[in-house]
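Undergrad: Residue numbers (the numbering used here), protein chains in the order written: chain A, 1467 to 1886; chain B, 279 to 473.
Errors might be hidden in some of the hints.
[Claimed, not checked] Restraint ranges, calculated between C-beta atoms of paired labels, are given here:
{"no.": "1", "chain 1": "A", "residue 1": "Leu1698", "chain 2": "B", "residue 2": "Ala297", "range": "17 to 23 Å"}
{"no.": "2", "chain 1": "A", "residue 1": "Ala1578", "chain 2": "B", "residue 2": "Met389", "range": "35 to 41 Å"}
{"no.": "3", "chain 1": "B", "residue 1": "Pro316", "chain 2": "A", "residue 2": "Ser1716", "range": "27 to 33 Å"}
{"no.": "4", "chain 1": "A", "residue 1": "Met1835", "chain 2": "B", "residue 2": "Met389", "range": "31 to 37 Å"}
{"no.": "5", "chain 1": "B", "residue 1": "Asn330", "chain 2": "A", "residue 2": "Asp1780", "range": "20 to 26 Å"}
{"no.": "6", "chain 1": "B", "residue 1": "Asn330", "chain 2": "A", "residue 2": "Leu1618", "range": "39 to 45 Å"}
{"no.": "7", "chain 1": "B", "residue 1": "Val332", "chain 2": "A", "residue 2": "Ser1716", "range": "29 to 35 Å"}
{"no.": "8", "chain 1": "A", "residue 1": "Leu1746", "chain 2": "B", "residue 2": "Ala290", "range": "55 to 61 Å"}
{"no.": "9", "chain 1": "A", "residue 1": "Lys1836", "chain 2": "B", "residue 2": "Gly350", "range": "33 to 39 Å"}
{"no.": "10", "chain 1": "A", "residue 1": "Val1723", "chain 2": "B", "residue 2": "Asn330", "range": "32 to 38 Å"}
{"no.": "11", "chain 1": "A", "residue 1": "Cys1881", "chain 2": "B", "residue 2": "Pro316", "range": "36 to 42 Å"}
Hints are computed from structural coordinates only; laboratory data are not their basis.
C-beta: ideal position from N, C-alpha, C; glycine also.
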Amino acid sequence: MRSISLILKQFSRSVLLIAGLAMMGSAAHAQGDAAKGKGIFTTSCASCHKLDKNGIGPALGPIVTSDTNDKWLTSWIHNSQALVAAGDPKAVAIYKQYNETPMPPFPQYSDADVADVLAYIRTGYAELQKPDNAQPPVVEEKGPSTMMVLGLALVVVLAFVIILVLNRVVGSLEKLVSKKDGTYTEQDELAAEVVKAERKAKVMALVMNKKFVFFVALVGFIVSFIWMWIALWRTNVHQGYQPVQPIKYSHELHAGVMKIDCQYCHSGAYKSKNASIPSLNVCMNCHNAVKTESPEIHKIYDALGYDPEKRTYDASKARPIQWVRIHNLPDLVYFNHSQHVKVGKIICQDCHGPVQTMKEVYQYSPLTMKWCIQCHRRTEVNTKGNAYYDKMFAVHEMIKKGEKVTAAAMGGLECGKCHY
Amino acid sequence: MLAMNKFRILGASVMVVAATVMISSCDNKRSTGWEYAPNMYRHLAPDADQENKVFADGKTAQLPPDGTTPVGFARFDYAKNRDGYDLAAAEVKSILPQSKENFEEGKVLYMHFCSPCHGETGQGDGLVVQHGYGAPPSYSKGNSSRTGGSMKDLNDGQIYHTITYGLNSMGSYASQLSPEERWKVIMYVHHLQTL
Chain A
1467 MRSISLILKQ
1477 FSRSVLLIAG
1487 LAMMGSAAHA
1497 QGDAAKGKGI
1507 FTTSCASCHK
1517 LDKNGIGPAL
1527 GPIVTSDTND
1537 KWLTSWIHNS
1547 QALVAAGDPK
1557 AVAIYKQYNE
1567 TPMPPFPQYS
1577 DADVADVLAY
1587 IRTGYAELQK
1597 PDNAQPPVVE
1607 EKGPSTMMVL
1617 GLALVVVLAF
1627 VIILVLNRVV
1637 GSLEKLVSKK
1647 DGTYTEQDEL
1657 AAEVVKAERK
1667 AKVMALVMNK
1677 KFVFFVALVG
1687 FIVSFIWMWI
1697 ALWRTNVHQG
1707 YQPVQPIKYS
1717 HELHAGVMKI
1727 DCQYCHSGAY
1737 KSKNASIPSL
1747 NVCMNCHNAV
1757 KTESPEIHKI
1767 YDALGYDPEK
1777 RTYDASKARP
1787 IQWVRIHNLP
1797 DLVYFNHSQH
1807 VKVGKIICQD
1817 CHGPVQTMKE
1827 VYQYSPLTMK
1837 WCIQCHRRTE
1847 VNTKGNAYYD
1857 KMFAVHEMIK
1867 KGEKVTAAAM
1877 GGLECGKCHY
Chain B
279 MLAMNKFRIL
289 GASVMVVAAT
299 VMISSCDNKR
309 STGWEYAPNM
319 YRHLAPDADQ
329 ENKVFADGKT
339 AQLPPDGTTP
349 VGFARFDYAK
359 NRDGYDLAAA
369 EVKSILPQSK
379 ENFEEGKVLY
389 MHFCSPCHGE
399 TGQGDGLVVQ
409 HGYGAPPSYS
419 KGNSSRTGGS
429 MKDLNDGQIY
439 HTITYGLNSM
449 GSYASQLSPE
459 ERWKVIMYVH
469 HLQTL
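Modelling step: build the complete structure from the supplied sequences, incorporating the hints.
TA: Here it is as C-alpha cells:
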C-alpha cells in the first residue's frame, strides 16, 4: 500500500513539475529544451559554474532566474570580453565584481543552444529550490571508537571477575549449608586437606626435578635470544612504518585511479635532493573545484585560511599542515633524489614500492645500508651522454696512452674544489 | 623412554620458536620501533619541508625576499590580468633552442603535469576530467581562448602567462615548473596545437 501511495506521489509531483515548466517556458522566456541544455551545460559551463553555489564563476541559478534579458545573456555567453571591451556598463560591472576573471567566449553555440542552456539553468534551479529536493544532511558513518572497544573489553573482564567471585561465594555457602545440616563431617574436611597436600607435593616434585628446570631454562633462553635477535636487527629499521597522517590523502585514488604522475606533486624529485612534499597550492589546483564538501578537503582550506564560499584567502589564518615523515635516512647519509631519478633513471616504485595501490603510505623498503649497497653492486651505469663520465673516460684514455695527466684535466680548476 | 622425551623436547622447542617469531612479527605499524642513538637519525639541519622553530611561521622553506630573483630563474614582469596577458602575447618569446631533446623533455613534463586534465593529445579529455573535473578546451579546436581567438593560434607569451598565473579553473604552475621547464612544455603544446 505504502509503495503505491509513494508512486502516486511521485507521479503527481512530476506532472506538476512538467506543468510548471511548461508554464514558465511559455510565460516569460523564449522556448528552450532543458534536456538539451543540460548536456551543453555539463560540457562547457560546469567546469566553472554551479547552479546554486559559487564556483570559479558565480552561481548561475539566481542570476539567470532574476535576469530575464535573454538577448543580453546570449551576447555575454557568445563573447563576454567583447561586451566588456565595448564598454557595456553591466558587463564591465560584472567583470570588475569577479576580480577581472574573464569568462571564455563560446561563439560555437547558436542562439537556440544558448536558449536551451538558459532553460536548463532556470528549471534546474527551480527544482533545487523546492524543499523536497533539499538534500538531507549527510551523516558520516564512523567505525567503533577506541573508547568503545576499551569499554567492551572492560565489560568482558568484569564479567569474568564476577563469575569467579560468585563461584567462590556459592562454594562457601554450600559448605556452610552442609555444616548446618550435619552432613559435613570432620572426615570430609580431612579428605579435602589430603587432596590439597598431594597437589602441593606434585608441584614441589616438578620444581625439584633438575631435568624439568633445565628444560624451562632452555626454553626461556631460546625465546629471549630469538626475541633479542629480531629486535636488534629491527632497531632503527622503519620498514612497514605507517603513521597516521593529518589528512586522509589516498595515493591509491590520485596516483592509481587518476594516474596522476608522482612528479605532479613531488616535483622536486627530478631536480633536487628532496622529493619535496607538495605545498597546498598544488592541492588547490583541483580542490578549489572538486570535492569541496569533504571534511578532509576542508582541512586544506583551514590550513590555507581559505573561504570556499567567498573564494578568498586570509594569510593571517594560514598555518602549515604537519605531515608525518615516513622515510628518514640518518643524518650521516647523503642521499639525492635527482641523482637517482633523473640521471640513474630509477622509477619511484623501485624504492617506494607500489605507492599507487596504497590508501595509506607505508615504508616499503628497509632503507638500510645493506639495501643500498646491494643495489649499487648490481646497477650498471649508463655513461653515454653524461658529461661527468665523458670527462672521466677522457682522462682514463690519457692515462692509458701514457700521456701526462694534470690536476686541471681532472677538474682541479673548479672553484668548488678548494672553496667549498 | 629417553627417545620419546627427546622428541617431545624437540617438538616443544620448535613450537616455542614458531610462537616467538609470530609474536615478535606482529609489531605496531604506527610506531618506528626501537631506535638506537636517535640523535644520529633525526636531522639537526632541517630539510626544506620540515618544521623550523627559528622562523616565526615555523617553516623551513621561506619565500625569497620581495624583488629578488632565484638563481636560474628568468623574471617575468607581466601583470596577472588581461593587460599583462596581452603584453606578454606581444613581447614574450621562448628562450629555449628548439632542439629535439627539449621537445622530448617537454613531452615528459606535459605528460606528468598537464595530461591529467588536458589529456595526452591535448583534447581536454584527461583521466581527471573523465572522473568529473571540468573539461578544459582542446588545444587544436574551437575559439574559446581568453581573447576569443582560436586555441590553435595561442602563442609563446600567452601560454607562458597562463602556465605562470593560471586561468579560470587552472591554477598557477609556477611552483611546480621552473621557467625553463615551462618553455619545454610550451614546445610540446605547440605540437599538440597542430593535431
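Undergrad: Work down the list of hints and note, for each, if the structure agrees.
TA: Here is what the structure says about each hint:
no.: 1; hint: Leu1698/A to Ala297/B: 17 to 23 Å; verdict: holds, 19 Å
no.: 2; hint: Ala1578/A to Met389/B: 35 to 41 Å; verdict: holds, 39 Å
no.: 3; hint: Pro316/B to Ser1716/A: 27 to 33 Å; verdict: holds, 30 Å
no.: 4; hint: Met1835/A to Met389/B: 31 to 37 Å; verdict: holds, 35 Å
no.: 5; hint: Asn330/B to Asp1780/A: 20 to 26 Å; verdict: holds, 23 Å
no.: 6; hint: Asn330/B to Leu1618/A: 39 to 45 Å; verdict: holds, 44 Å
no.: 7; hint: Val332/B to Ser1716/A: 29 to 35 Å; verdict: holds, 34 Å
no.: 8; hint: Leu1746/A to Ala290/B: 55 to 61 Å; verdict: holds, 58 Å
no.: 9; hint: Lys1836/A to Gly350/B: 33 to 39 Å; verdict: holds, 37 Å
no.: 10; hint: Val1723/A to Asn330/B: 32 to 38 Å; verdict: holds, 35 Å
no.: 11; hint: Cys1881/A to Pro316/B: 36 to 42 Å; verdict: holds, 37 Å
Checked against the numbered hints listed earlier, the structure breaks none of them; every hint is satisfied.
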